[in-house]
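Colleague: Guided by the hints, dock chain P onto chain E, whose structure is given.
Going down the list, the sequences are from chains E and P. Counting the first sequence from 1 gives a position; my numbering is that position plus 423. Counting the second sequence from 1 gives a position; my numbering is that position plus 139.
These are calculated hints, taken from the structure and not from any lab test. Some hints here could point you the wrong way.
Claimed, not checked - Heads up, incomplete: computed chain P residues facing chain E, CB under 10 Å, no partners named:
1) Glu142
2) Leu146
3) Cys150
4) Tyr155
5) Gly166
6) Thr176
7) Ala187
8) Val190
9) Gly199
10) Gly207
11) His208
12) Cys213
13) Gly234
14) Ala235
15) Ala237
16) Ala243
Remember, predicted model here, so these are calculated numbers, not experimental data. Positions of the beta carbon are idealized from the N, C-alpha and C atoms, including for glycine.
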Amino acid sequence: MLEALSAPAAVTAAGYLGFGALVSSYGGPLWVTVLSTLTMWALPGQLVLMDMWQVGAPLVAVLLAVAMTNARFLPMVMTLTPILREPQDARGRDYLAAHLIAMTSWAVCMRRCPELPPAERLPYLAGFSLTCIAVGMTAGAVGYLIADAIPPVVQYGLLFLAPVYFFVILVGEARSRLAAIALACGGPAGPLLHLVTPQWSVLFAGVAGGTLAFAIHTMLERRHG
Amino acid sequence: MAELGLLLAACALGTYAWRGLGVFLSGRISASSALFTWVACVAYAMVAGLVTRIIVLPSGLLATSLLGHRLVACAIGLGTYYLCRRNLLAGVAAGAVAFALLNALRGASLWP
Numbered sequence: 424m425l426e427a428l429s430a431p432a433a434v435t436a437a438g439y440l441g442f443g444a445l446v447s448s449y450g451g452p453l454w455v456t457v458l459s460t461l462t463m464w465a466l467p468g469q470l471v472l473m474d475m476w477q478v479g480a481p482l483v484a485v486l487l488a489v490a491m492t493n494a495r496f497l498p499m500v501m502t503l504t505p506i507l508r509e510p511q512d513a514r515g516r517d518y519l520a521a522h523l524i525a526m527t528s529w530a531v532c533m534r535r536c537p538e539l540p541p542a543e544r545l546p547y548l549a550g551f552s553l554t555c556i557a558v559g560m561t562a563g564a565v566g567y568l569i570a571d572a573i574p575p576v577v578q579y580g581l582l583f584l585a586p587v588y589f590f591v592i593l594v595g596e597a598r599s600r601l602a603a604i605a606l607a608c609g610g611p612a613g614p615l616l617h618l619v620t621p622q623w624s625v626l627f628a629g630v631a632g633g634t635l636a637f638a639i640h641t642m643l644e645r646r647h648g
Numbered sequence: 140m141a142e143l144g145l146l147l148a149a150c151a152l153g154t155y156a157w158r159g160l161g162v163f164l165s166g167r168i169s170a171s172s173a174l175f176t177w178v179a180c181v182a183y184a185m186v187a188g189l190v191t192r193i194i195v196l197p198s199g200l201l202a203t204s205l206l207g208h209r210l211v212a213c214a215i216g217l218g219t220y221y222l223c224r225r226n227l228l229a230g231v232a233a234g235a236v237a238f239a240l241l242n243a244l245r246g247a248s249l250w251p
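Just chain E, with the same shape it has in the complex (with noise of 0.2 Å):
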């Protein structure tokens, strides 16, 4: 269990780090950066939540543009909850579990979780995700409250972190075809729209990019089979 958690809870500390400096260069207040990562649980919903806040998004805008970007954890959620589940449970135990559920703690669990008894497996999930968690409302409120008193050289790299984190995990974990060809419409999509409009451009990049990327798939689908 240790040695499962130590990478995933060292990248979540990088990650959530550069998030609280990121907040805290947005000019949002601490409790945010803490909160969203109990309630959330999702660092890219946060940070899409973040930046446009940022620029004044209608509240409408930043609930679609967070839904949409979350809406990994149905597909991922629905794969786990029948390794987890053991058949006598009752159904308010994997509702609670969802919760943990995220990126990270999906892949490990995937892979662990069929090798152990069905009842460690809950509890394993348990155990890795509120680490997780502990470590990223900690990570974040670092971040946040040490960004302004650190020299300027080390706040570019803090603030750098979240986009080269991502940046990184986007790329080099991109296995999928699909996933391949959804960054590839996605990416260019972000800062064009930017240029028109500000406000509603993450949500529209994501919809433009993600519908092309979807046809370009199912065409590729069709001719290869």
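Modeller: What follows is chain P alone, placed relative to chain E:
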């Protein structure tokens, strides 16, 4: 700030909705339909669009850095990630340190 609290509450609910729906649907329908494929495409494209925008058109302190430096630092991060056999932490650390050093060369202060 009351408005930001409302925004966070809405986003937390909008995030949990997918997780709750996932539990509800698990074992009932297949997770590999066309709708799920489209949803996955939009989710990837949206995060990619946001990250590209932060790198190409940043705000705040990052806006005072050079675009070339941001791109080079991203490339160094990705290269290190591959060189260290897909080690995410090494890649992220290398990218951030490279970016800090590039800004130091440009004359950013080493003291608070």
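Colleague: Holds or violated: the hint that P:Val190 contacts chain E, with Cβ atoms closer than 10 Å.
Modeller: With Cβ-Cβ at 4 Å, under 10 Å, it holds.
Colleague: Does the nearest C-beta of chain E fall within a distance shorter than 10 Å of the C-beta of P:Ala237?
Modeller: Status holds, d = 9 Å.
Colleague: Does the interface hint hold: is P:Gly199 within less than 10 Å of chain E, judged Cβ to Cβ?
Modeller: P:Gly199 check passes; min Cβ-Cβ to chain E is 4 Å, inside 10 Å.
Colleague: Take the shortest C-beta to C-beta distance between P:Cys213 and chain E; is it under 10 Å?
Modeller: holds, 5 Å
Colleague: Can you verify the interface hint for P:His208: is its Cβ closer than 10 Å to any Cβ in chain E?
Modeller: At about 9 Å, which falls below the 10 Å cut-off, the nearest Cβ of chain E leaves the hint on P:His208 intact, so it holds.
Colleague: Would the stated hint for P:Gly207 survive a check requiring a Cβ distance to chain E of less than 10 Å?
Modeller: violated, 14 Å
Colleague: Does the CB of P:Tyr155 sit less than 10 Å away from some CB of chain E?
Modeller: holds, 6 Å
Colleague: P:Leu146 was flagged as interface toward chain E. Is the shortest Cβ-Cβ separation under 10 Å?
Modeller: Since the shortest Cβ distance to chain E is 6 Å, the answer is holds.
Colleague: With a cut-off of 10 Å on the beta carbons, see whether P:Cys150 makes it to chain E.
Modeller: Status holds, d = 4 Å.
Colleague: Tell me if P:Glu142 is really an interface residue toward chain E, meaning its C-beta lies closer than 10 Å to one of theirs.
Modeller: Because about 8 Å separates P:Glu142 from the closest Cβ in chain E, which is inside the 10 Å limit, the hint holds.
Colleague: Would the hint on P:Ala243 stand, with a C-beta cut-off of 10 Å toward chain E?
Modeller: Holds. Min distance 5 Å.
Colleague: May I ask you to test the interface hint for P:Gly234 with respect to chain E, counting a Cβ-Cβ separation under 10 Å as satisfied?
Modeller: holds, 4 Å
The structure fails to meet hint 10 from the earlier list, while all remaining hints are met.
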